[in-house]
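Novice: Based on these hints, arrange chain B on the given structure of chain A.
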Amino acid sequence: MATTVGTRRSSPALVVAGKDLRRGLKSRSLILTSVVGPLVLGLIMALAFGGAGGPSATIAVVDLDRTPTSQGVLGVLSEQLDDGPVTLRTDVADARQAVADEQADAALVIPSGYEASLATSPVPLQVVRNSQRAIPGEIATAIAGEIASQSDLIRAATSTVVAIDAAVPPLADIQQLRPAITVDIGDLQQGFNAALYFGPLTIFLFLGLGSAARNLVREDREGTLARIRSTPISPQSLVTGTSLGVLAQGVLAALVVYGVSTVAFGARWGRPVEVVTVLVALVVALSGLSAIITALSRTEAQAEGWTNAMAFLFGVIGGAFFGGAQFPGLVGAIGSLTPNAIAMRALVELGPGGQDLRSVLPLLLALVAIGAVGLLIGSRSMVRRFG
Amino acid sequence: MQEVTARCEGLRKAYGDRVAVDGVGFRIHAGESYGLLGPNGAGKTTTISMLCGLLHADAGTIEVGGSAMRTGRCEAKQHLGLVPQDIALYPDLTARENLRFFGRLQGLTRTELRTRVDEVLEIVALEDRAGDRIEGFSGGMKRRCNIAAALLHQPQLLVLDEPTVGVDPQSRASILDGIAALQEHGMAVLYTTHYMEEAQRLCDRIGVIDEGRLVAEGTQGELVSAIGQHPVVRLSVDGDPSGLLAALTPDPVVVRTSAGDGRVEVAVADPARALAPIIEHAERVGVVVQGVEVVEPDLESVFLHLTGKALRD
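Protein chains in written order, with the numbering used here: chain A, 1 to 387; chain B, 388 to 700.
Only chain A is shown next, with the shape it has when bound in the complex:
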């Protein structure tokens, strides 16, 4: 493939992709759909869910157990939720009212008998949610899950202190053992921070899936496709070129959203090279899906229909806002195979302090494979249609 040397011929696929990009830039549609749209939506979400720097939550806590252990958990929560102060409430009714009045975004209830249950079967913390405040509810639920999963550590820490003093352990002693009972919500907050911009990005990438198909249908109607097909260009080059256009637009959108959200809004995605690698792999996968839509669509309405169907399906079952598939069972399993869910998983694993690229290589390969298979299916279908 050559495009820059004056005496060499350009690759037809690159020529087609370049034309689509040029037209997108001239009409400003590329800037709107690939840059402005995702950023505006991300900014709106950031502001709606806790400021441009990422989500925070005010969590009310009700301590019905009133034991040293519950006090220790309360202390840990106070330190960990430094972005959203913990407020203490007297009882469940008081907490519900605080959540209803939006004085708190969600509430955690340490039930009576919590300390005693640690010895046998730990009772979980209860969560009071406001249906209008989805993210804080998710945060509170996640914290309750974290604490439940560490009940063994909490029990061990409590036992140790009791063994040392043989008396009721003071709160200060519990907190000295904080490393053992820390509720690690740092990664959780980091994941949400990235997802807040990643979600809108995937939505706009999905909406752009049909752009290649729409372009091709429009070119067919306006006669330019006939002229293109009267030149020595193969159907494979045509579909590759249109998909490359989608890929380039997608990469541009991803880079802009990543860069601006990081620099301007303080979003934390992870190490740049790794994040960009994941985003490019995601766009490759979506370009493959775009090639399939292009091959399937004979009219602009069909292109629109396929795009909406795919965006809705993948967006819902794969998750577009909260970091991957949210459904249980088979639907959740299928959702975890969608490109957006795979990419989100990779981003979470690669987050600050996370793993390196080698650890997510299978995920990256899966994304590239989706793209390659999509392109292959699309090309074959285009050959049957035009070749």
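None of these hints come from the bench; they were simulated from the model. Where hints are given, some of them may not hold.
[To be verified] Computed beta-carbon distance windows for the label pairs: (1) B:Val602 / A:Thr299: 44 to 50 Å; (2) A:Ile334 / B:His443: 38 to 44 Å; (3) A:Arg28 / B:Ser525: 23 to 29 Å; (4) A:Val331 / B:Ser525: 53 to 59 Å; (5) A:Pro272 / B:Thr498: 35 to 41 Å; (6) A:Pro272 / B:His443: 48 to 54 Å; (7) A:Val331 / B:Thr498: 56 to 62 Å; (8) A:Ala309 / B:Glu609: 56 to 62 Å; (9) B:Gln587 / A:Ala372: 19 to 25 Å; (10) B:Glu514 / A:Arg380: 41 to 47 Å; (11) B:Gly494 / A:Arg380: 52 to 58 Å; (12) B:Gly494 / A:Arg218: 23 to 29 Å; (13) B:Glu522 / A:Asp356: 49 to 55 Å; (14) A:Ile44 / B:His443: 47 to 53 Å.
[Said to hold, decoys possible] Stretches of chain B that chain A covers, calculated by requiring three or more beta carbons in the stretch to come under 8 Å of a beta carbon on chain A: (15) 439-446; (16) 455-462; (17) 471-480; (18) 487-496.
[Claimed, not checked] Derived coverage of chain A by chain B (criterion: at least 3 residues anywhere in the stretch with Cβ under 8 Å from a Cβ of chain B; other residues may be distant): (19) 225-237; (20) 261-270.
Every residue, glycine too, gets a C-beta built ideally from N, C-alpha and C.
Specialist: Below, chain B alone, put in the same frame as chain A:
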């Protein structure tokens, strides 16, 4: 005999039970302009689509520039320039950007493009508007640029599908002059049009297609002769023409006569020789001749005779 640039033999295309093209074949030589005429739905567009490799033929063979034409990528397409009936350009790109895009698809290098884009813009007299978007062009300018995009790679065969639809007379004249100039440089032209005067002016040979079949082919003179059409002397007269008809019938220069609505039509073999005797016959039988018109048979007559339809039906 000049070299054959394009050759179609036994082309056939059916859509379900409907046969759109049935056994069409023709040849176009270098420097020749071949007109493909036919009423709407006759099979012209299907034939052109197969010739340009846009549509797969059910049967038959096509060669352009000595190479077999087929859909998909093939060498024959390097020898072909298509000017579609629609303005096949991107309205939001400039003339130069459009030409560069199509030139690259034709395989021109950047160096070649720099030269050729300027040359074709000059051919279609658009060099001053090279940097303007197509959407700002007049209809005639768009048509000219539409042609320019097919000339970039200097094809052996230029296919023009009704290239002057909706064009003002000045632009039409410019386009026809340009095509004639290209022929002089050895380019073969396949031309379809609804304007009979364009076909008469431009085409060396004409193929008439109707209901998917090539019903006649030849030069304009050959076609007129083949259908046995004669020039007609048309008289506007006062008085009863029956006496004149009776007087003219035995005259050897007269082929046939007809009359009606104050008009007498006399088909003759040679109008120059027949005109004076006809006037003399009229004076002799007391018919006052108010006007005389000689109507030569043309492609319209041929077309009507062969297809039973006017060309623009």
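Novice: Against this structure, judge whether each hint is valid.
Specialist: Consistency of the hints with the structure:
Checked against the hint of 44 to 50 Å, the C-beta distance between B:Val602 and A:Thr299 comes to roughly 36 Å, which is inconsistent with it. Roughly 39 Å separates the CB atoms of A:Ile334 and B:His443, a value that falls within the hinted 38 to 44 Å. Roughly 26 Å separates the CB atoms of A:Arg28 and B:Ser525, a value that falls within the hinted 23 to 29 Å. Between A:Val331 and B:Ser525 the Cβ separation comes to about 58 Å, which falls inside the hinted range of 53 to 59 Å.
Distance hint check: the CB atoms of A:Pro272 and B:Thr498 are about 39 Å apart, consistent with the given range 35 to 41 Å. Between A:Pro272 and B:His443 the beta carbon distance is about 50 Å. The supplied range of 48 to 54 Å therefore holds. Evaluation of the 56 to 62 Å hint for A:Val331 and B:Thr498 yields a pass: the beta carbon distance comes to about 58 Å. Between A:Ala309 and B:Glu609 the beta carbon distance is about 60 Å. The supplied range of 56 to 62 Å therefore holds.
Between B:Gln587 and A:Ala372, the C-beta spacing of about 57 Å breaks the proposed range 19 to 25 Å. Between B:Glu514 and A:Arg380 the beta carbons are some 44 Å apart, a value that agrees with the proposed interval 41 to 47 Å. The given range of 52 to 58 Å is broken by B:Gly494 and A:Arg380, whose C-beta atoms sit roughly 25 Å from each other. The given range of 23 to 29 Å is respected by B:Gly494 and A:Arg218, whose C-beta atoms sit roughly 25 Å from each other.
Between B:Glu522 and A:Asp356 the beta carbon distance is about 51 Å. The supplied range of 49 to 55 Å therefore holds. Checked against the hint of 47 to 53 Å, the C-beta distance between A:Ile44 and B:His443 comes to roughly 51 Å, which is consistent with it. Coverage of the stretch 439-446 of chain B by chain A holds. Counting CB-CB distances below 8 Å, 3 residues qualify, and the rule asks for three or more. With a threshold of 8 Å between beta carbons, the proposed coverage of the stretch 455-462 of chain B by chain A holds, since 5 of its residues qualify and at least three are required.
With 9 residues carrying a beta carbon less than 8 Å from a beta carbon of chain A, the stretch 471-480 of chain B meets the three-residue requirement, and the given coverage holds. Only residues whose C-beta sits within less than 8 Å of a C-beta in chain A count toward coverage, and the stretch 487-496 of chain B has 8 of them, enough to reach three; the restraint holds. Given as covered by chain B, the stretch 225-237 of chain A passes the check, having 11 residues with a CB less than 8 Å from a CB of that chain where 3 are the minimum. Using a Cβ-Cβ cut-off of 8 Å, 0 residues of the stretch 261-270 of chain A lie near chain B, which falls short of the minimum of three, so the contact claim is violated.
Consistency note: the structure conflicts with the earlier hints numbered 1, 9, 11 and 20.
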